[in-house]
Each structure stands twice: as structure tokens, then as C-alpha cells.
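> The primary structure of each chain is shown beneath.
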Amino acid sequence: MFQSKTKASTAKKSLATKSKAPAVQSSAPVYDAVIIGSGAAGGTAAQVLVEAGLNVVMLEAGPLRKNMVDFSYHDPFPYEDPYRGSKSESPSDEMRKKYIFGPNAYAPWPNPDEPYTTPKDTPFEWMRARNVGGRTMFWGRFANRYNEADFKMRSRDGMGLDWPIEYKDIAPYYDKAEIFMGVCGAKENHPDLPDADNFLPPVALKCSDHLLWKAAEKIGIRAMRVRRAMLTKSYRPPGSSLFDKDIAQCHYCADCDSGCETHSFYNSAFRQVVPLMTKYPKRFTLIPNAMARVVTVNKKGLADGVAYIDKTTGQEREIKARTVLLGCGTLETTRLLLLSNIANSSGQIGKNFMEHLDLAAQAYLPDLSFADREAGDGIGGSHIIIPWFGYFRPNEKRDFVRGFQIEPSVRQRMRPDKNPKQMAGFGQDFKKEVRRWQGTRVSLACHGEMLPSPNKFVEIDNTTKDKWGIPVLKIHYKWDDNDLNMFKYARRSYEEIFAAAKAVDVRLPKNPDPAGHSIHEMGTAHMGSDPKTSVLNKFNQSWDVKNLFVLDAAAFSSGTHKNPTLMIMALSWRAAEYLLDEMKKKNL
Amino acid sequence: MGKKNKSSNVTRRTILKSTASALVAAPLLAGTPPAQNASAPRLRFFTPDEFAMVDELTEIIIPTDDHSPGARAAQVAAYIDAHLAEAFTDESRQQWRAGLQLIDTVARELSGKPFLQASAAQQLAVVTRIAQGERTPNQPAGAFFVQLKQQTIHVYYTSKIGIQQEMEYKGNVYLKEYVGESLP
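Line by line, the protein sequences give chains Y and F.
Just so you know, the working numbering puts the end of the first sequence at 588, numbered straight through with nothing missing.
Just so you know, the working numbering puts the end of the second sequence at 772, numbered straight through with nothing missing.
Hints are computed from structural coordinates only; laboratory data are not their basis.
A portion of the hints provided could be inaccurate.
Here are the computed lysine to aspartate or glutamate pairs in the DMTMM-like style, where the Cα-Cα straight-line distance is at most 25 Å [said to hold, decoys possible]: (1) K418(Y) with D637(F); (2) K488(Y) with D505(Y); (3) K282(Y) with E577(Y); (4) K748(F) with E89(Y); (5) K432(Y) with E496(Y); (6) K214(Y) with E769(F); (7) K701(F) with E722(F); (8) K421(Y) with E722(F).
From a predicted model like this one, the values you see are computed outputs, not experimental measurements.
With the sequences and hints as input, model every part of the structure.
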């Protein structure tokens, strides 16, 4: 366990000026809770705990962005740059480079200060955020509920793990998270995606949505309106104390991937962390640029705080707290647990690692060349989703278990959809031909459930250390037969949908997208009903260290094929309420 | 990077906020004419005749039609002039100058006149002739046509006219509502 007497005095000094909760054992202030990580998990727990009256300190490994200053949001049009973008990266690219570390297609920039390793033959593209708000600053915004069966799939097909909770346990927290974020959608009575009671109005469909919907229908695949954490009207979350006025509705610029300056989609930085700092300055403290090194433990075996590196000075500091909550993003949480050498009597930390099977394909739909572009591009991406359709094919024999959902994407682009430089000729016919293809490019992407296996795990790599002297993570992720068989089936489904939509120039990938591309790391510190075989109980609480909680997707027992953020928020909300309850009962 | 981009970004946002979307940040490249009328830009590389040729050639490649204005209105030739003036090496400047001489040679072959003095139909014939070289870009005429066409495409489709009028792009701005499409 970590002990550092010399550093403790520094921590004491830094905290002495803040006069927080009354000291319990020493003169240094002790917070009710330290939350590590400021994304969906940390932001949600912080909101619940601070509103309930607790003194909370939050550590974040990156800086707090200043809205409209550090973050570019919309890119300038190329004609506003005298060099038409040929000399420089766009502000959005620059922003991503500063805050998001890949490498992958979205974030090709490695983080040389904080590396990770993989075996040579199985690369894993781990995309990390280093900023307050974590990856919620640019997430996909899909808010899809697990269904009853999703929690108990091992009981059905013998693979993976069951969750220790059921749909009815989490449903009230889905409600809370959805109401807080504001989720657009409609009741559809689809077997894969349970309806919610509190949807904001669904966003109107685009031409392309109608076309893909009909195409899917033709081959017996049911599409539905997309459910995304997008404000389709100005909104103030009922029951929340954080907002004095409405949050602006979406302005349909459709460039959500660059972030949102009006915060019309949920991000934890400006919808939770900053409002908490403003509203509760005495009860909530944010410490940015703080790289957690180890969870400290007292003589009773309870967590009593965290030692971290202040990245701005390189100095190590300590925070003391009655409870420690981890929401660093699945793999960083697991790295911290392994480095702290705690909560692992089951030996399960690092195992049961899952992400989603992704594959991106594109084609052109000539029928779309007649679409009216006047309406704009909506909420970014398609306004429909194709949930897993295996439910409608009960008698089909498949060579894989579980399923996937398809997320179509048709976006208006500034530049021609079909590259004019590859089209022959010139003059009016040429110009018309370029125009004819505009708005016809269609992409399909999917998230498929991958099963945990001995091929998928993470461990500490003691041969490599980051800039702060902290050993890094080694990520092992090798696809299994089930994953690859699902890939082939999904690929065939794409082919059928494209064919039904009379697509041309279809480009289907030969392999799934590279490992890590889903940016949905899950598992590695999973909850279960048996302390011998799981890391956490059903309230995200460590079996071994009862005042330690894991709030993020590391707690997931299975990955399903649903986007994880809504589940992270629901679990974190539930864990925070449980923590409050346990404190009231003097169990914590 | 960034300063120029950032400042233009702020300008754009200010513009958006004030809803005067017709305004554009003043061009920073000296010599790029601020007005739509490209008749008399301050040239930095081309001679006036060369500029007139490029202006005509780019307009032939992407002409004004009933849908939107073409390369001339989008000031493609002025951008190419500034681009070449600032090019790091002489190579591309020499290629363009030689290419334009080649156009004149072809024009004399076909019409007995230099390109600028040829009729519209004759000018079209000249471009049609060199465009045949598109599939054999290793020949001088083909190589120049490819260069001319690619640069015209790049500049036109990154221009305000290209993006807003020709491609009818409606994103990256503030909209009050999303209307959507209903099926007939």
C-alpha cells in the first residue's frame, strides 16, 4: 500500500486554505467523497452526491476547457481561410489533437506522455480524452436502453456473464438519466429497445432516412426513430438544481463531432461539472490536470484517498476522503485498481474485457440525388437506427450468438460526395454530374456484442512507464470466432440493405474496424453476485474495500450491442444513491 | 498554425451571431479581389493576358449554368494567381506558364489565332482537344489539363459559391428548426 509522509504535508498545505469538511483524524480536511474522472460516470455521481449535501472533490487528468475559447466547435468554411485549408489543420482538428489521444481515424495523435502497449500482432487503438468532460464532449449521443434479456444472456446461451441486476432495477435510473440529459425519440414498442416515458420530440426524418427505412423494411428489417441525447426543444432538466435557465435547443449545425458550444447535447463538463462549481462552490471542488497514481488505503483496509500527480508542477499530492469513486474511463480505472493492488481478491480485475464490433461501409444511393437539401442536416448523422433484428428471425440458424445494431449515417458535406477529380470531362455536363452525386453517399456503421474470452484482457506493463513514472497498461484484444462470424453476418446484412436501396459503388470492408474503434471499452472490473468471481457487488461497490466504488463501464458484466453511456450514467446514479443510503445507515 | 484560422473563425461566429451572413472575412491574401467582379484584380504572378486565359479556361471547365455561377464568379483564377505567386518553388509557376503557351499553340493550330482572340466555339474546341489528354497525363497537354482541372475543382468547390450555391450545403450554421422531409 502507498505511504508517503513527506508528500502528505504538501497535500495538507494545499487543502488547508479551502476549509472543507471537518477533519476526522488529522488536521487535513477529509472530503466525503473523491471522484476520479469527470466524464459521464464521475459527472453523474458528483451531481447526485453534491445535491444531497456531501463535500466532493473531483480529479481530472486533463484541463478544464473554456467554452468558446479552447474549443473550436464549428469549423470555419474553407473560403474563410485564404489558403483554403491547405496550409493548416482546421480548428476542430487542432482541438482534437490537444484533447483527444488515439491513435485511430478520429484521433490519430498518440499521447507520448502517457503511452500504453499491446502485443505486436494485435494492435488496439485506445482513444482517450484528457479534459474535463472526458469523452462526453464528442460522444455519439445514442441513448439506447438495455432490455430485460440483455441482463441475463448467459442464462440463455451459456456465454459470457449475467448481470447481478435486472431491467427493473435499472429502469428508474434510466428515467433519471434520460430526464436529466434530455433524449429525443418516440415510443416504438421494439423488442430490442425498451421505450422511455420522457422522450423529447423526435427529430423529423430526412429523405435518406425514409429511403433506408423503406429499404430495410423490404427485406424484413425494422428501423425506428433514433434516440439521442439531443435537445429538440429548449430544456431545463426537471428536478435538477443546476440550471437557472433553459439550455438552448439544438441548432442543427450537424457538426456535433466537433463539440457543441450551446451544450445542446449532454456533456458532463458543461451540464454537470461547471454548473456544480458555480452552484455549490463550497461543496464541490474540481482539481484538473491531476493524474491519479494510486488509491491509498488505511490500516483497516479501507480506501482513504488518492495520491496524484499535479501535471502542471509534476509534484505528487494527496487527497483524503471517506469514500473513493472511480470513473476514469474503463481501462484507466482498471489500471489504477491494478496499480493500487486493491479490491482484487477475485483475481478478475483486467479480465472480462469487451468492446463493440464495428464495421463501417459506404455506398451511393442515386435516388437521393433528387433530395431537397434546403432543410439542412438535422442532429448530425441519420435520424433512424436499426436495432438488432434477430428478434424477428426466431427460426434462423446463425453461427454466432448475440446481435448488433446498425447506425446509418447520411451527412450533408461541404465538399462533393463523389470526388470530381476522379470524374472525366469538363463543362456543364461535368458540373451536373458532380452535383448529381451530392447528398447520395450513405454510410452504415454498427455496434455488435463481443464476448469476453481469455484473448481479451489488460494487465500492467511494468517495462514501460508514463511521463509521471506510473507503469502503463498492456492491452490484449484478439477477436474470437463468434466475433468474426457476427462480422460476416453483419456484412451480408449491409449488402442486403444496400441492394434493397438500389445502392451503387458499394464499398464493404474485408475486416471489422480496427480493435478499439468503437471507443466503447467495457468490463475489466465487473459487477456480479459472488465475491469470489466478481469485483463489485450490484451497487458498483467493491466486495473487498467497501468504501470503494467503480462508476464507469469497467463495472459492466456484459457489453451487449447498446451504446454504453446511458448505462454508465444510470449505474453511476444508482451507485451514488446507494452510497448516500449506506452513509445514512452509518455503514460507510 | 491557427492564428489566421482562429481569427477568421471568430469573425465568422461574430457574423453568424449578427446574422449578417452575407459578409465574409476580408481575404488575407494580398491581391485577391474582395469583390465578386474578377475583371481587374491586382495580379501577383500572371500577366494580364495569362490571367484572362486562366479565367476563361476555368470558366469553361466549371461554367455558370442555370443552377449556380461558375468558376469566374468564384474568382478561381485570382486564387490560382496568388497561389502561384506564393509557391515555394518555381516549378509550378513554370508549368503553368508553359501550359498556357501550349494552349495558345493549340489555339493557333485550330483557329489560326491565339486563345484569347478565338471565338467561344473555337476556345471550347481547344479545351476539348487538350482534355482528350486526360487519360494520358504523361503527355504535356494532358498533364496541363489535369493540373488546370484539379486546381479549378479544388478552388471552386471550396469557394462560397461552390459550397453554398452549387453544393447547396446547409450545415455549419445556426438553424432555428429542422423541418425534415415528408414522403409524397
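> So, for every hint listed, does it hold in this structure?
Now the hints, each set against the structure:
1. Using a Cα cut-off of 25 Å, the hinted pair K418(Y) and D637(F) is violated, with the two alpha carbons roughly 34 Å apart.
2. For the given pair, K488(Y) sits about 20 Å from D505(Y) by alpha-carbon distance, which is consistent with the 25 Å threshold.
3. As the CA atoms of K282(Y) and E577(Y) are separated by approximately 21 Å, the hinted pair is consistent with the 25 Å bound.
4. Note on K748(F) and E89(Y): the hinted pairing holds, with a Cα-Cα distance of about 19 Å set against a maximum of 25 Å.
5. Of the pairs offered as hints, the one joining K432(Y) and E496(Y) is violated, with about 30 Å between alpha carbons and a cut-off of 25 Å exceeded.
6. For the hint linking K214(Y) to E769(F), the alpha-carbon distance of about 14 Å falls within 25 Å, and the restraint holds.
7. Proposed proximity of K701(F) and E722(F) is supported: the alpha carbons are some 24 Å apart, at most 25 Å.
8. Of the supplied pair hints, the one linking K421(Y) and E722(F) holds, its CA atoms being roughly 11 Å apart against a limit of 25 Å.
Hints 1, 5, counting from the list given before, are not met by this structure.
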